[in-house]
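Student: Please construct the entire structure, taking both the sequences and the accompanying hints into account.
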Amino acid sequence: MSVLIFVELDNGSVKKTSLEAVAYGAEVAKMTGTTATVLALGKADSASLEQVGGFGASKVLHVSDEKLTHENSLAYADVLAQAVKQENSKIIILAKSGLGDAVAARASAKLKAGIISGVTDLPVINRNFTVKRSIFTGKAFSNVEIKSDIKILVVKKNAIEATESSEKATVETFSPILRDQDFQASVGTIEKASSELSLAEADIIVSGGRGMKSPENWQPLLDLAKALGAATGCSKPVSDLDWRPHHEHIGQTGIKVAPNLYIACGISGAIQHLAGVNGSKYIVVINKDPEAPFFKAADYGIVGDVFDILPKLTKAVEDLK
Amino acid sequence: MKILVCITNVPDTTAKITFTDNNTKLNKAGVQFIIGPYDDYALARAVELKEKLGGSVTVLHVGGADADPQIRKALAIGADDAIRINAEPLDSYFTASQIAHVAGQNNYDLILMGRESIDFNSGVVHGLVGEMLGIPSYSPVMKLEIEGTTATLAREIDGGKETLSATLPLVLGCQEPISEWKIPNMRGIMTARTKPLVVVEPINMEEFTVPENYSLPAPKGACKMIPADQAETLIKLLKTEAKVI
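Chains as they are written, first to last, in my numbering: chain A, 1 to 321; chain B, 1001 to 1245.
Calculated directly from the structure, the hints in this document are not laboratory data.
Just to be clear, a hint being listed does not mean it is correct.
Unchecked claim - List of simulated lysine-lysine pairs, DSSO-like, C-alpha gap at most 30 Å:
id	chain 1	residue 1	chain 2	residue 2
1	B	Lys1243	B	Lys1195
2	B	Lys1161	A	Lys67
3	B	Lys1236	A	Lys288
4	B	Lys1052	A	Lys16
5	B	Lys1025	A	Lys296
6	B	Lys1143	A	Lys16
7	A	Lys226	B	Lys1016
8	B	Lys1028	A	Lys16
9	B	Lys1143	B	Lys1195
10	A	Lys110	A	Lys67
11	B	Lys1161	B	Lys1028
12	A	Lys315	B	Lys1236
13	B	Lys1236	A	Lys213
14	A	Lys132	B	Lys1025
15	B	Lys1052	A	Lys112
16	B	Lys1224	A	Lys296
17	A	Lys67	A	Lys30
18	A	Lys132	B	Lys1236
19	B	Lys1143	A	Lys192
20	A	Lys321	B	Lys1243
21	A	Lys296	B	Lys1016
22	A	Lys192	A	Lys85
23	A	Lys213	B	Lys1182
These numbers come from a predicted model, not from an experiment.
Tutor: Pasting the structure below:
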């Protein structure tokens, strides 16, 4: 009956967003009087798997088959469904991401489970089971009751404040049946900006817009990001102009982010861009135009020249160290 | 090449979202509805593939008659015919079940849709439809080429992208830059009027989720302005006041 949490791995370690999902799942387990079990697939670092115990999971089911090391939502969903049956789980938790949604979707159809993606809070459990979810790209919320016997929740970043203890989870080997049909696609190239922080996981993001004027001007922004240990993003016009790669594009049609701190440099704040950042805890806007609409959505603002201000901020951050 | 493109009918990206009826219904007054922007990319690519490889493009929508202008627009852009499943899209599972039911009767080589609808942002319908039909699904797809029965596609992964090839049929959730949005021309608009739009009734199914009510985020407090010549104060505030660095 345990709550089952599907985690994503990056180079064998459990991703930060997935650790939050573990903390969320463990809390739901507590609310429903059961335990939390984690499902991890592919090559994994055993210390990282045990670490999920610190976020409240008591057990990890690990499938070490190398075939599962490469992201494969088809096979992952099938293994997840098998784990749900073995554990007799009624509640399944995943972190919101392209992969999380894909796995959740296919598992939902396999298990005939109600699915809600974009959950922003712990469920309310009384006679009913109700979750709050983000809709209209962060412009609104919806409370939804899930009535199905098995429930799948895909949880957004910052849905819960995750704290870590020194507890360790026990890791068990899980040996599902892998279906050939789930391994038919042949993978060509994988381009991954491995040195950079992923936007989805970053706690701080420094982002640039057309106000940066040209791609050669990005250095001061990169310097600040480096000093803060931040990921870098950009607005749609910037990625459309190929000043920055597409996977940095934040907004309605790009990546939606939810960092603790979002610093927007030379971004006016079109509603489509705001839709991608409205999950941020704090927003800083630096823009030379005092009328830029972004200031209305910001917590802190500086009106001025980004090229003048960015180096000052970088220096102030370095002085803190 | 038989292609099905599923489109959503959603408030424009710039729409101000409010609710009525005790926060149980979207206030549609003054809201412009559009084809979902991601679905628009899927549609554009489908039309290009048809032009290149021959075949047909069918547009599918789950929703009421208020979506018909958007469906006609999709026909004007280059789809050959349209099916509207006459039901409120209650949730992802319901919508996917309706799509899978219709798609299952028609043997499409490709089922394209946006990576997510911009109203409910779930991004799970393509995966659900794929599983319901027993065929692979991939998302978000940024590039798509078809040769014979093989699709070569590029999809976004966390912090990068990956190319892969898979055998048709497939269900794909699409996003830019898979194609450029197409604007219907006059000839397209004229011919769209007479293209078939078939309305079918939904299949009955169990309700898995029930929306209770909607709410808006708490309004943001005033923005604290920092003079440009004291920019370094910002870092201090972020450390001591916001406690985020």
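Student: Please work out if lysine 1236 of chain B and lysine 288 of chain A have their alpha carbons no farther apart than 30 Å.
Tutor: holds, 21 Å
Student: Taken at face value, is the distance from the CA of lysine 16 of chain A to the CA of lysine 1028 of chain B at most 30 Å?
Tutor: Violated: lysine 1028 of chain B and lysine 16 of chain A sit about 39 Å apart, past 30 Å.
Student: Holds or violated: are the alpha carbons of lysine 1052 of chain B and lysine 16 of chain A at most 30 Å from each other?
Tutor: Answer violated: lysine 1052 of chain B to lysine 16 of chain A is near 44 Å, above 30 Å.
Student: Does lysine 1195 of chain B lie within 30 Å of lysine 1243 of chain B when you go C-alpha to C-alpha?
Tutor: violated, 59 Å
Student: Against the 30 Å threshold, does the CA-CA distance of lysine 192 of chain A and lysine 85 of chain A hold or violate the hint?
Tutor: violated, 34 Å
Student: Is the hinted pair lysine 1052 of chain B and lysine 112 of chain A satisfied, with a Cα-Cα distance of at most 30 Å?
Tutor: violated, 39 Å
Student: Is the hinted pair lysine 1143 of chain B and lysine 192 of chain A satisfied, with a Cα-Cα distance of at most 30 Å?
Tutor: holds, 17 Å
Student: Given the hint that lysine 1025 of chain B pairs with lysine 296 of chain A, does the C-alpha gap stay at or below 30 Å?
Tutor: holds, 27 Å
Student: Would you check the hint for lysine 1224 of chain B and lysine 296 of chain A, treating anything up to 30 Å between C-alpha atoms as holding?
Tutor: holds, 10 Å
Student: Is lysine 1161 of chain B within 30 Å of lysine 1028 of chain B, Cα to Cα?
Tutor: This hinted pair is violated, its Cα atoms lying about 37 Å apart.
Student: Between the alpha carbons of lysine 315 of chain A and lysine 1236 of chain B, is the straight-line distance 30 Å or under?
Tutor: Holds, because 12 Å separates the two Cα atoms, which is no more than 30 Å.
Student: Are the Cα positions of lysine 1236 of chain B and lysine 213 of chain A separated by 30 Å at most?
Tutor: Distance of about 28 Å is within 30 Å: holds.
Hint compliance for this structure: hints 1, 4, 7, 8, 11, 15, 17, 18, 22 are not met, and every other hint is.
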